[in-house]
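Enquirer: So you can see what is in the structure, the chains are spelled out below.
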Amino acid sequence: MAHATGALAATDIDAYLRGHEDKSLLRFITCGSVDDGKSTLIGRLLYDAKLVFSDHLAALERDSRTVGTQGGDLDFALLVDGLSAEREQGITIDVAYRFFSTERRKFIVADTPGHEQYTRNMVTGASTADLAVILLDARKGMLAQTRRHSFLVSLLGIDHVVLAVNKLDLLGYSAEVFAAIEAEYRAFAAGIGLRHVTCVPVSALRGDNITRRSPNTPWYDGPSLIEHLEAVEVADEAHNRPFRLPVQWVNRPNPDFRGFAGQITSGSVRPGDRVRIVPSGRESTVARIVTADGDLGASVAGQSVTVTLADELDISRGDVIAAACDPPAVADRFDTDLVWMGEEPLRPGTPYLLKIGTRTVGARIATPGHLIDVNTGEHVPADTLALNEIGSCAIELDAPIPFDTYRDNRDTGGFILIDRITNTTVAAGLLRAARRGAANIRWQAASVSKQTRAGQKGQRPAVVWFTGLSGAGKSTVANLVEKRLHEKGFHTYLLDGDNIRHGLNADLGFTDRDRAENIRRVAHVAALMADAGLIVLASFISPFRADRELARNLLGEQEFIEVHLDLPLAVAEARDHKGLYAKARRGELPNFTGIDSPYERPESPELRLNASGALDAETLADAVVERLGAAGVLRPPAAM
Amino acid sequence: MDQLTHLQRLEADSIQIFREAAAESERPVLLYSVGKDSSVLLHLAMKAFYPAIPPFPLLHVDTTWKFRAMYEFRDKLVAELGVDLLVYQNPECLARGINPFDHGSALHTRMWKTEGLKQALDRNRFDLAFGGARRDEEASRAKERVFSIRTAEHRWDPRQQRPELWHLYNARKRPGESVRVFPLSNWTELDIWQYIHREQIPIVELYLAAERPVVRRDGTLIMVDDERMRLDSDEIPRLRSVRFRTLGCYPLTGAVESQARTLPGIIQEMLLATGSERQGRVIDHDAAGSMERKKQEGYF
Ligand SMILES: Nc1nc2c(ncn2[C@@H]2O[C@H](COP(=O)(O)OP(=O)(O)O)[C@@H](O)[C@H]2O)c(=O)[nH]1
Numbered sequence: 001m002a003h004a005t006g007a008l009a010a011t012d013i014d015a016y017l018r019g020h021e022d023k024s025l026l027r028f029i030t031c032g033s034v035d036d037g038k039s040t041l042i043g044r045l046l047y048d049a050k051l052v053f054s055d056h057l058a059a060l061e062r063d064s065r066t067v068g069t070q071g072g073d074l075d076f077a078l079l080v081d082g083l084s085a086e087r088e089q090g091i092t093i094d095v096a097y098r099f100f101s102t103e104r105r106k107f108i109v110a111d112t113p114g115h116e117q118y119t120r121n122m123v124t125g126a127s128t129a130d131l132a133v134i135l136l137d138a139r140k141g142m143l144a145q146t147r148r149h150s151f152l153v154s155l156l157g158i159d160h161v162v163l164a165v166n167k168l169d170l171l172g173y174s175a176e177v178f179a180a181i182e183a184e185y186r187a188f189a190a191g192i193g194l195r196h197v198t199c200v201p202v203s204a205l206r207g208d209n210i211t212r213r214s215p216n217t218p219w220y221d222g223p224s225l226i227e228h229l230e231a232v233e234v235a236d237e238a239h240n241r242p243f244r245l246p247v248q249w250v251n252r253p254n255p256d257f258r259g260f261a262g263q264i265t266s267g268s269v270r271p272g273d274r275v276r277i278v279p280s281g282r283e284s285t286v287a288r289i290v291t292a293d294g295d296l297g298a299s300v301a302g303q304s305v306t307v308t309l310a311d312e313l314d315i316s317r318g319d320v321i322a323a324a325c326d327p328p329a330v331a332d333r334f335d336t337d338l339v340w341m342g343e344e345p346l347r348p349g350t351p352y353l354l355k356i357g358t359r360t361v362g363a364r365i366a367t368p369g370h371l372i373d374v375n376t377g378e379h380v381p382a383d384t385l386a387l388n389e390i391g392s393c394a395i396e397l398d399a400p401i402p403f404d405t406y407r408d409n410r411d412t413g414g415f416i417l418i419d420r421i422t423n424t425t426v427a428a429g430l431l432r433a434a435r436r437g438a439a440n441i442r443w444q445a446a447s448v449s450k451q452t453r454a455g456q457k458g459q460r461p462a463v464v465w466f467t468g469l470s471g472a473g474k475s476t477v478a479n480l481v482e483k484r485l486h487e488k489g490f491h492t493y494l495l496d497g498d499n500i501r502h503g504l505n506a507d508l509g510f511t512d513r514d515r516a517e518n519i520r521r522v523a524h525v526a527a528l529m530a531d532a533g534l535i536v537l538a539s540f541i542s543p544f545r546a547d548r549e550l551a552r553n554l555l556g557e558q559e560f561i562e563v564h565l566d567l568p569l570a571v572a573e574a575r576d577h578k579g580l581y582a583k584a585r586r587g588e589l590p591n592f593t594g595i596d597s598p599y600e601r602p603e604s605p606e607l608r609l610n611a612s613g614a615l616d617a618e619t620l621a622d623a624v625v626e627r628l629g630a631a632g633v634l635r636p637p638a639a640m
Numbered sequence: 001m002d003q004l005t006h007l008q009r010l011e012a013d014s015i016q017i018f019r020e021a022a023a024e025s026e027r028p029v030l031l032y033s034v035g036k037d038s039s040v041l042l043h044l045a046m047k048a049f050y051p052a053i054p055p056f057p058l059l060h061v062d063t064t065w066k067f068r069a070m071y072e073f074r075d076k077l078v079a080e081l082g083v084d085l086l087v088y089q090n091p092e093c094l095a096r097g098i099n100p101f102d103h104g105s106a107l108h109t110r111m112w113k114t115e116g117l118k119q120a121l122d123r124n125r126f127d128l129a130f131g132g133a134r135r136d137e138e139a140s141r142a143k144e145r146v147f148s149i150r151t152a153e154h155r156w157d158p159r160q161q162r163p164e165l166w167h168l169y170n171a172r173k174r175p176g177e178s179v180r181v182f183p184l185s186n187w188t189e190l191d192i193w194q195y196i197h198r199e200q201i202p203i204v205e206l207y208l209a210a211e212r213p214v215v216r217r218d219g220t221l222i223m224v225d226d227e228r229m230r231l232d233s234d235e236i237p238r239l240r241s242v243r244f245r246t247l248g249c250y251p252l253t254g255a256v257e258s259q260a261r262t263l264p265g266i267i268q269e270m271l272l273a274t275g276s277e278r279q280g281r282v283i284d285h286d287a288a289g290s291m292e293r294k295k296q297e298g299y300f
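Keeping their order, the protein sequence lines are chains A and B. For the record, in the first sequence the residue sitting at position 175 is 175 according to my numbering, with numbers rising by one throughout. For the record, in the second sequence the residue sitting at position 82 is 82 according to my numbering, with numbers rising by one throughout.
Among the hints, a few may not be true.
Sample of chain B residues facing chain A (criterion: CB under 10 Å; computed from the structure) [claimed, not checked]:
hint, residue
1, Arg162
2, Leu165
3, Asp191
4, Ile267
5, Gln268
Hints were generated in silico from the structure; no laboratory data involved. Quick caveat: nothing in here was measured; it's all calculated off a predicted structure. Glycine residues also receive a C-beta, built at the ideal position from the N, C-alpha and C atoms.
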């Protein structure tokens, strides 16, 4: 829906279609404080673009009479105010996208209501906008909010700003008021680096200078709001910058075709162009630009393409194909600006995931250098960042990445941070510059403890103690559990009976005393590793209750999780993968647990699993991971 | 060549979304409903992975009550494109003969579509599903994410939706959770039609006007598509020139009277139309906010 119809659609639809398939697209964001008239303005744009259908219009007329604020006249705000109801229901309101088009352009409007979450919402809406419309109430003039909106727009690198000076009808369409506000705003905007500013005097309610120039403002000779939005050239500088294609997907339908698919983030490319693959540094030449509509002779920023190269290079998702003469730099330490969007504040030193382009890497964030007051632009000292706060932070990555600064390229210089445990997006970030060396990165200031070590790994330390008869499957299950945890990004270590006995405990045999000593040493090693912040998986027959209690006491109830792999001796003996039971029966292995040495069943282990073969090892491992989750081991550590 | 047109920009962004979602999931699937939005969705998927075919199957959650022309169209298209199609019909609905006449539109839709979809996703362990929803369809969708996380029970938790910045989508999830991805989020109905026209995308003929047997029921024109249609004694099907703006189960889908027998004709009628798209869909009339509720229950 939402389209203005010219007479052409009625008389010559084919001509209309030819014209309208070639419109360009402008994405903009509207910013304003409550009651400045933002909903009214958007409603008016939709209404004037004739994209309000009869059923909606009937509803509008009805609602205007019952709940409108205009004494029965059309209240345009009602067209877009579905969101207030949601607020009452407690639904997160952030960015609503609305669509309309005119004869010349299609528009996508990001509307960001709400004040509490204003920064988060506005930054989200602004990240994809080409232009910002900042609305203010002429009676109030420039407010702190106007400065805040403008500051965020400039932070996000939106080059084009329209200041809509609203409610001029209430001031008799005063040229002086408008001129004073315009002068003040232009001075401020220049100071924060906004380059293209247009000021328009409007009344959203009465429709002055919205679609057409108003007779009420004869002193104004600029364009109406829509005229400006239709004409403004944002054909962004991305086109003139060096070629970048972050590889999203490697396309291999058959052994003869190897294409690299992605969306060009800047520049242009033609077959025959020399390209460099970053970070590997290999070079090749573009062979073809493949699309379903046939090969292209050239393609530009914004297009999604698949390129093939003249040489067989090893390229994968996350690599960037770039102009060989002007490739992106590669680095793993950066100065960044972060806009915090998570409910929980930033935990400096804790690992997060950073997604930039098509690459995701581990990242640690230093304590912020300072926080930026969005109302004044001033720098304030800070230890962390909370929801809606913006700060400058150094970041260190697990691996180097190709990058352009945000100023040079929004698509290869903007990133998000993801919480490793909850998987939510907790921050938007802008790469400002690469850092040389780490000398002045300020990590966590507190002295280093078990908690900080574990915190740095984004986890809680624990020892998972697998006990059970020989052949119960302890090592198999412990291995699978370690693999799962490792895949989830946890730092783990597996202590296994066999390995330890070859090294640290090579001097011990199987007498009761030696068995006790074996477990005592292992328990201490496990405790040291937990102190280092690791999740330790210990897999030992550990037949004696007292020895296991020792381990439990060393670690404390919180961090010790005993898992009993339970099966009848007969089943273990029948299994006898290593032939040990047979040997023991023949008397070749004295003091073998179950045969001539007892196994003391745990009385109340944290988890008892039926290991007699009814469940496969994968299922058992799932159960362990689930138990760890329930025990809180897989939650992020408390904020520091 | 410098400025992309709005359709080129929408297409390129949708393709980017397809590739991103496929790269970040293990078992993706495309929800294919045979309608025009599905046609565009499938067309974009074909483009995104060309010259390979898309690395995921199509899933049609069927109700057995779609128009016959839809089934014919679906089977022919799938054969031509060489893509995999899974058809899922909720076995409980089959066994109990759930239908719109005896059970009402709400129950019919919930059991066949909402429950059917959940079952089909669970049984195949799909962790990501592409859908054709658009933000302009309805007020409650204006704020919907492109990547929308669903709980293990397929519920949409409005409080858990993630901010989406630039072209960076976060598809990470916990075991059991899944993602719904809407590559057409930023398309409007007009964009869809213009794109179908520009790209010559095949659509079910029911979108074009033709003489069809219909009865008028509660002010809505319902097509008598097969002998299962229950007619009151005073209802006599008459041939009228009608077309459909949306397609679903035939007893629940209203036709509009129209002479538009070509795509440009439809677009023209739509441009000059004064009623919004979903008026023809009986299910939406049930209650205000119904779409929001259905979404929370897992119907898209
Ligand atoms: N006189 C006058 N009133 C306006 C104008 N624009 C908005 N308003 C009124 O200001 C109030 C707040 O408008 P609304 O659009 O809801 O503000 P929002 O909170 O920014 O969305 C409403 O009563 C509007 O009718 C205007 O240009 N002139």
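Enquirer: Classify the hint on leucine 165 of chain B as holds or violated, based on whether any CB of chain A lies nearer than 10 Å to its CB.
Expert: holds, 4 Å
Enquirer: Does aspartate 191 of chain B pass the interface hint, meaning its C-beta sits closer than 10 Å to a C-beta of chain A?
Expert: Since the shortest Cβ distance to chain A is 7 Å, the answer is holds.
Enquirer: Is the hint on glutamine 268 of chain B kept, meaning its closest Cβ partner in chain A is under 10 Å away?
Expert: Glutamine 268 of chain B check passes; min Cβ-Cβ to chain A is 4 Å, inside 10 Å.
Enquirer: Go through the hint on isoleucine 267 of chain B and say holds or violated, using the shortest Cβ distance to chain A against 10 Å.
Expert: holds, 6 Å
Enquirer: Is the shortest C-beta separation between arginine 162 of chain B and chain A less than 10 Å?
Expert: holds, 4 Å
In summary, the structure agrees with every hint in the numbered list given earlier.
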